[in-house]
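**Q** Put chain H on the given structure of chain W with help from the hints.
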Amino acid sequence: MVLIGFLILAPLVFAALLLAVRNNKARKVIVCAGAALVAAGSLVLVCLGTGTRGIMFTFYSPVVDYVCMALSVLIAVCILVFGFRYRNVASIVLALVQVIGSLVFEIAFAHSIVITECLYVDSLSLVMTFIIGVVGTGICVYALGYMDDFQAHEPEGAPDRRPLFFALMFAFLSAMYLIVFSNNMLWFFTGWEITTLCSFLLIGYTRTDEAIRNAFRQIIMNLIGGIAFLVALYAMAITFGTLSLNELIVVGQAYPALVSLPVCALAIAGITKAAQMPFHTWLLGAMVAPTPTSALLHSSTMVKAGVFLLVKLAPLFAVCPVPSIMTVLVGGFTFVLCSFMAISQSNAKRVLAYSTIANLGLIVACAGVGTPQAVWAAVFLILFHAIAKSLLFLCVGTAEHHIGSRDIEDMDLLFQRMPRLARFMMFGIMVMFIAPFGMLMAKWATLVSFIYAGQVALIVLLAFGSAATFMFWAKWLGKLSGIAGSPQNVERTVHRSEWFALWLMVALGVAACVAMPAISTFYVEPYLLGVYGAFGQDIAETNLWLASLCSIAVIVVLFAGVGRKGTAKQAPVYLAGVSADNGQRVFRNSLSGQTEAASRNLYLDELFGEGRIRRVGEAVCALLICVAFVGCLAGMPILF
Amino acid sequence: MDLFYVLVGTVVFAVGGPVLGCLLAGIDRKVTARMQGRVGPSLLQPYYDVRKLLEKDRVAVNSSEEVYVATALVFTLLAGGIFFSGGNLLLCVFVVTLSALFFIVAAWCTRSPYAEVGASRETLQVMAYEPMVLFMAIGYALGIASMTGFLSFDVRAAFYMPAPVILSNVLVFAGLLFVLTIKLRKSPFDLSYSHHAHQELVKGVTTEMSGRTLAMVEIIHWCENVLFLGWVGLFFIWNSAASILLALAVVAAVYFLEIWIDNNFARVKWQAMLKGAWVVALVAGVVNIGAFVVL
Numbered sequence: 001m002v003l004i005g006f007l008i009l010a011p012l013v014f015a016a017l018l019l020a021v022r023n024n025k026a027r028k029v030i031v032c033a034g035a036a037l038v039a040a041g042s043l044v045l046v047c048l049g050t051g052t053r054g055i056m057f058t059f060y061s062p063v064v065d066y067v068c069m070a071l072s073v074l075i076a077v078c079i080l081v082f083g084f085r086y087r088n089v090a091s092i093v094l095a096l097v098q099v100i101g102s103l104v105f106e107i108a109f110a111h112s113i114v115i116t117e118c119l120y121v122d123s124l125s126l127v128m129t130f131i132i133g134v135v136g137t138g139i140c141v142y143a144l145g146y147m148d149d150f151q152a153h154e155p156e157g158a159p160d161r162r163p164l165f166f167a168l169m170f171a172f173l174s175a176m177y178l179i180v181f182s183n184n185m186l187w188f189f190t191g192w193e194i195t196t197l198c199s200f201l202l203i204g205y206t207r208t209d210e211a212i213r214n215a216f217r218q219i220i221m222n223l224i225g226g227i228a229f230l231v232a233l234y235a236m237a238i239t240f241g242t243l244s245l246n247e248l249i250v251v252g253q254a255y256p257a258l259v260s261l262p263v264c265a266l267a268i269a270g271i272t273k274a275a276q277m278p279f280h281t282w283l284l285g286a287m288v289a290p291t292p293t294s295a296l297l298h299s300s301t302m303v304k305a306g307v308f309l310l311v312k313l314a315p316l317f318a319v320c321p322v323p324s325i326m327t328v329l330v331g332g333f334t335f336v337l338c339s340f341m342a343i344s345q346s347n348a349k350r351v352l353a354y355s356t357i358a359n360l361g362l363i364v365a366c367a368g369v370g371t372p373q374a375v376w377a378a379v380f381l382i383l384f385h386a387i388a389k390s391l392l393f394l395c396v397g398t399a400e401h402h403i404g405s406r407d408i409e410d411m412d413l414l415f416q417r418m419p420r421l422a423r424f425m426m427f428g429i430m431v432m433f434i435a436p437f438g439m440l441m442a443k444w445a446t447l448v449s450f451i452y453a454g455q456v457a458l459i460v461l462l463a464f465g466s467a468a469t470f471m472f473w474a475k476w477l478g479k480l481s482g483i484a485g486s487p488q489n490v491e492r493t494v495h496r497s498e499w500f501a502l503w504l505m506v507a508l509g510v511a512a513c514v515a516m517p518a519i520s521t522f523y524v525e526p527y528l529l530g531v532y533g534a535f536g537q538d539i540a541e542t543n544l545w546l547a548s549l550c551s552i553a554v555i556v557v558l559f560a561g562v563g564r565k566g567t568a569k570q571a572p573v574y575l576a577g578v579s580a581d582n583g584q585r586v587f588r589n590s591l592s593g594q595t596e597a598a599s600r601n602l603y604l605d606e607l608f609g610e611g612r613i614r615r616v617g618e619a620v621c622a623l624l625i626c627v628a629f630v631g632c633l634a635g636m637p638i639l640f
Numbered sequence: 001m002d003l004f005y006v007l008v009g010t011v012v013f014a015v016g017g018p019v020l021g022c023l024l025a026g027i028d029r030k031v032t033a034r035m036q037g038r039v040g041p042s043l044l045q046p047y048y049d050v051r052k053l054l055e056k057d058r059v060a061v062n063s064s065e066e067v068y069v070a071t072a073l074v075f076t077l078l079a080g081g082i083f084f085s086g087g088n089l090l091l092c093v094f095v096v097t098l099s100a101l102f103f104i105v106a107a108w109c110t111r112s113p114y115a116e117v118g119a120s121r122e123t124l125q126v127m128a129y130e131p132m133v134l135f136m137a138i139g140y141a142l143g144i145a146s147m148t149g150f151l152s153f154d155v156r157a158a159f160y161m162p163a164p165v166i167l168s169n170v171l172v173f174a175g176l177l178f179v180l181t182i183k184l185r186k187s188p189f190d191l192s193y194s195h196h197a198h199q200e201l202v203k204g205v206t207t208e209m210s211g212r213t214l215a216m217v218e219i220i221h222w223c224e225n226v227l228f229l230g231w232v233g234l235f236f237i238w239n240s241a242a243s244i245l246l247a248l249a250v251v252a253a254v255y256f257l258e259i260w261i262d263n264n265f266a267r268v269k270w271q272a273m274l275k276g277a278w279v280v281a282l283v284a285g286v287v288n289i290g291a292f293v294v295l
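These protein sequence lines map, in sequence, to chains W and H.
Numbering follows my numbering, with no gaps: position 10 of the first sequence is 10.
Numbering follows my numbering, with no gaps: position 284 of the second sequence is 284.
Chain W on its own, in the form it takes in the complex (with noise of 0.2 Å):
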């Protein structure tokens, strides 16, 4: 426990140092010494808790409630204070009755209600724990680098926010930590809130017009979703007296009719956090900020929290039929029409964004089915996802910083000029999409969950949204592969914690890939023993040591196969005239003239366009939340 606490303090410490210190020197000591600290303890924890299947502590403190509901407020005026600033009467208004719902319920309920279990500890937890404080801090460090790139990139005379940036990173870690330990909901919601204004604040970070804008997008719809969060702690603690998650799930699964309620306006909330339609447009703006800022946000926080709540709550999912269809079909549409959507992108932030929604879907639908093994699927995707998008903003991150563009287009060549980080990037979309790499077998036991749970509508949209998850990513690799001519080498200029975060990622992948059984075993099943009594790993033993195998293949062709000098003799390609340079594509035409050859990707517009899909989404979505939750609500009075 007193590693727990640790885990939730220990970055908050850092981050109050980082907001002090303006010294560029002594904030990359700090970063690196904080990042080492909680990397250990999670490492630590996640090592000293292997197979548990769930420890409940007896630890209660009103310290601390009052602390939250300070916190609350403190958040509440912050939002208000921006609100006022800029105008923006939604994100007031909206504030303003968070912060009074809030307070009535403190002044009304919270003191009445004690728990005496507040922390807990269970392997999902674990693994939360281990993408955060691996993969999160990995990015902290990661950060330290290209931050001063940006830096050096803004205008002169730019304003030095990086004390801030830094502060909220590790502020951020903080509030994650506080959402996977915490079993009173209370707390659970002010970490919610914290996720939702540091994510905030780091959006509209440079400040500019698009940034702010985008931030306040992002603040007015995660408000949403943390009024839905409120909603369901009246419900909880009107119909129960009670504000421990645990006992919610536990009493829910014997009488699944009364906590429809709670259970809808928890999916609302963890909807919106996890950025599904008609919310998304929330993580798409996301990335007007700086790339490690998007990392965290995809990879290890942020929409993990939306996520982590949901697949808390799927042994509900399982019994309450109305959030649970409403969960699964905005979940599967979500993934399906995003896959659809990312083919038409050329902007490689706005792919990896729109295959992280489409992902969070996947998981989403994985927690509405709410069966142990669509559970133990949501559980790897979220670890896969976590790794390979994290190594994926960040080498994009890079590459941006050395050919001047985040667009696919750009990167021909890319294999020759950043020879390593091409690599990565190649390792990281197999990660994402193909066989036997882990979001596929991951993939593969969601396919087997939604057949067992009779998911017909379920099976077609992930059939079809596989088809397209092929397309954008194979695409993007081919154009990421190519060989031709010998174009200067640019990568040599790359920060040292920016490759050391880089092979962090990339160890983690290969480590994950390999290891998923063991990790399975370990991990996954304990908890859904704890939470089911029941094992969840519907893919055989033996296949998932084949795939791992495979992994070990695929990965010794990437790093040590190709790109090597050949001992064939080289030929120009074929570009239906006398090549001039090669290199550059360019031949001798009908009229002796010089002719370069051009081909781009295939973006297919028409069919997958943003316009049209867009639009569909976000009504049906939307149509289905509300139905759903009018339905829970209508629902309720039955009940008193």
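Hints listed in this document are in silico derivations from the structure and should not be mistaken for laboratory results.
Some hints could be false.
Stated by the list, open to error - Which bits of chain H does chain W cover? Going by a derived footprint, with three or more residues having C-beta under 8 Å, they are:
1) 16-23
2) 272-283
What the hints assert, rightly or not - Estimated spans, in silico, between C-beta atoms of each pair:
3) His-196/H - Leu-607/W: 23 to 33 Å
4) Phe-4/H - Ser-61/W: 53 to 63 Å
5) Leu-23/H - Ala-571/W: 28 to 38 Å
6) Ala-152/W - Lys-52/H: 56 to 66 Å
7) Val-556/W - Arg-51/H: 25 to 35 Å
8) His-196/H - Asn-489/W: 37 to 47 Å
9) Leu-7/H - Leu-43/W: 30 to 40 Å
Even for Gly, the Cβ is constructed at its ideal location relative to N, Cα and C.
**A** Okay, now just chain H, sitting in the frame of chain W:
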């Protein structure tokens, strides 16, 4: 133990697959020639062609292309090994897709405009057939489940069934036949790499491949044909020795049908292929798999 079977299966398939596939290609050329009123080459002509390719000087745009193609070949053999040793059908499908990806990247790494067009089209083809191929595996597993009560993707399970899975999978099978034309690279769906010179843009995916690399591509194609026809036959297998004969007869009929289609339809645009394959998959998937769940 299962891993051992897969290993043995892969070794056997590495020898048997190319031999069978080569003969199949020879028969294909004979039948095609007869349909066009020609005599056609000898049955072993595909073998002579590949042997000649293997003896050529090694000339390449870069050295990576060959590595990618070799990797694709290895994974094709593994997919065959998984299937013919009675392993998991889904895993087999995924490994075939992995092999397809390496083949695509091999074309892309040359950075030749024509190969890139071929690679883009090959990617489109994968996207077009992938949903239906997944539905095929799901339909098979649900067919097994409807007879035994246990969901199983294992190919060997078919041999213990009282009846073939085709009985409950008519629509899925029809859908499989539709996308089979894409997978076997037959016209009208041979967008990325065609054997018909008159409708090809230079040489599609294989534009920059020659000698040993091109020979490997040909061998991959042979092995894939055998594997995909194996999927077709699987639907007609049950707990009876006669079923194997039936399956072989069906496979022969299906292959003849594919050759006939190949010779009678001109290449279509990618839009038509994608929409066609997805509509077929949607109907077959929703109706047939929906029927399993409802009934």
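**Q** None of the hints should be skipped; say for each whether it holds.
**A** Status of the hints after comparison with the structure:
1. 16-23: Answer violated; 0 residues pass the 8 Å Cβ test.
2. 272-283: With 4 residues in contact (Cβ-Cβ under 8 Å with chain W), the coverage given for the stretch 272-283 of chain H holds.
3. His-196/H - Leu-607/W: 23 to 33 Å: 27 Å, holds
4. Phe-4/H - Ser-61/W: 53 to 63 Å: 58 Å, holds
5. Leu-23/H - Ala-571/W: 28 to 38 Å: 33 Å, holds
6. Ala-152/W - Lys-52/H: 56 to 66 Å: 58 Å, holds
7. Val-556/W - Arg-51/H: 25 to 35 Å: 30 Å, holds
8. His-196/H - Asn-489/W: 37 to 47 Å: 43 Å, holds
9. Leu-7/H - Leu-43/W: 30 to 40 Å: This hint holds: roughly 36 Å between Cβ atoms.
The structure shown violates just one earlier hint, number 1.
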